[in-house]
Amino acid sequence: MPRLIRMDQTGHTTLAEWRADDPAAFEAAAAAFREQLDHGYFGLAALPDGSAEQITELPLDVPTVILRRPIAGG
Amino acid sequence: MSTGGLPGGSLALATGDRPAGLPERASVPWRPRVDDPLLRRVGRRWTIGTAWHTTPLIAAAALLVTLAPVTAPVAIVLLAHAWIIPELYASRGAGVLRSRAPSRRGAERRALLLLGDLIDERARRLHEVSGLVLELGELGAWIIGERGAVLVRPGARRVNCYCVRATGSDLPAADRIAHLLLALRCDERDFATVANLAFSGACWRLRRRLRPEHRLALDAARRVCSRPRARGTGSAAARSPLAVHAPRGR
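Note that the protein sequences, when read in sequence, are chains F and B.
So the first sequence is residues 1 to 74, counted in my numbering.
So the second sequence is residues 1 to 250, counted in my numbering.
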C-alpha cells in the first residue's frame, strides 16, 4: 500500500496511506502532501534503483513518497 | 519492526520525463553547477592555495638556516607553521563528519528504521560501526554524516569535504543523514553545489584527522574508488560495487 512519510523530529511519521482503487484515500493523501509542501517540505519519490526524484504532486503509483526538509550549506 | 521497504513505481503522473533537480539550488544562483571538470579545477586551486601558504614559510626557514645557522629555532617555528596550516584545513574538513549529542532514543530508533530501509545490509553494517552512510555517485563515493558529506574522488587520492545539513535542529541523527542521502540521490551535482566546501585535499591528510570509526567509512570509500569503474551502466544501484543503496527486496 503506497504511503506518504514525513521525516520529522519523531524519526518519521506516516501521514497517509492509499490504494490505487480508492480515489477518496488518494485525494486525502494528495491534500496532506500539498499541505506539507505549503509548510516548506519537499516531496521525494524513492525509486527501486536506489535513486530518488523530486516531486511536486503525489503520484498514484509510487509506493513510498517521503517528505523532507530543505538542506543548506553549513 | 520496519517502515516497510521502498519498492518502486512509475513517476509519470508526477514528474514527466525529466527528473527535477534540487529546489535548494535556487538559493545559491551565483554558484556554477558542480561537475567533474569543476571539481578538478577546485582541487587544483586548493593545492595551489596550500602551496602558496606553506612554500614561503619553508623557503624562509631554509634561507635562515643557510644564512645564519643560529636561527635554526626560528626556522623550526616556521616549518611548524608550514605543517600546521594544511593540518588545520584538514581538521576543518574532518569536522563535517562529527556528530552531535544523541537525540531522544525513541525518535532516533524510528529514524534509524527509515534510514535502514533506504540502504542495504552492508551499508547498514557500516553505519552501525561508523555512524556514516556510504553512497556511490557519478562524482565519486560519498560518505554522509549528520552535518556534511565527504566526497572521495575516483582514484581515491583526493577528498572534498562539504558542510551541508537539513534545516531545523530537532531532527534525530539518522533522519539528518537520510535527508542528505535522499537529496544526494535526487541530484548529486545540485547537492554538491548547494553544500559549502570546507576542505579539498589528500585522503591521507583527512584520514589522520578523523575519528577511528570514521576512518572505517573513509577506507571503504577509498576501496570503492580505487577500483576501475564501469561507465554508463545505468542506474545508481547498478553502478555501485558495494550496492550500498539498493533497497531491501521486500
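It cannot be assumed that every hint is accurate.
Said to hold, decoys possible - Simulated restraints on C-beta separations:
1. Leu37(F) <-> Arg100(B): 23 to 33 Å
2. Ala51(B) <-> Asp61(F): 46 to 56 Å
3. Leu37(F) <-> Ser169(B): 45 to 55 Å
4. Gln9(F) <-> Ile76(B): 47 to 57 Å
5. Thr56(F) <-> Ser226(B): 31 to 41 Å
6. Arg100(B) <-> Arg34(F): 29 to 39 Å
7. Pro56(B) <-> Arg34(F): 56 to 66 Å
Claimed, not checked - Computed far set for chain B versus chain F, every beta-carbon distance over 12 Å:
8. Arg31
9. Trp46
10. Thr55
11. Ala62
12. Val65
13. Ala80
14. Ile84
15. Val96
Rather than coming from a laboratory, the hints here were simulated on the basis of the structure.
Ideal Cβ positions, reconstructed from N, Cα and C, are used throughout, including at glycine.
When the hints from earlier in the document are held up against this structure, which numbers fail? Structure breaks hints 3, 8 and 15.
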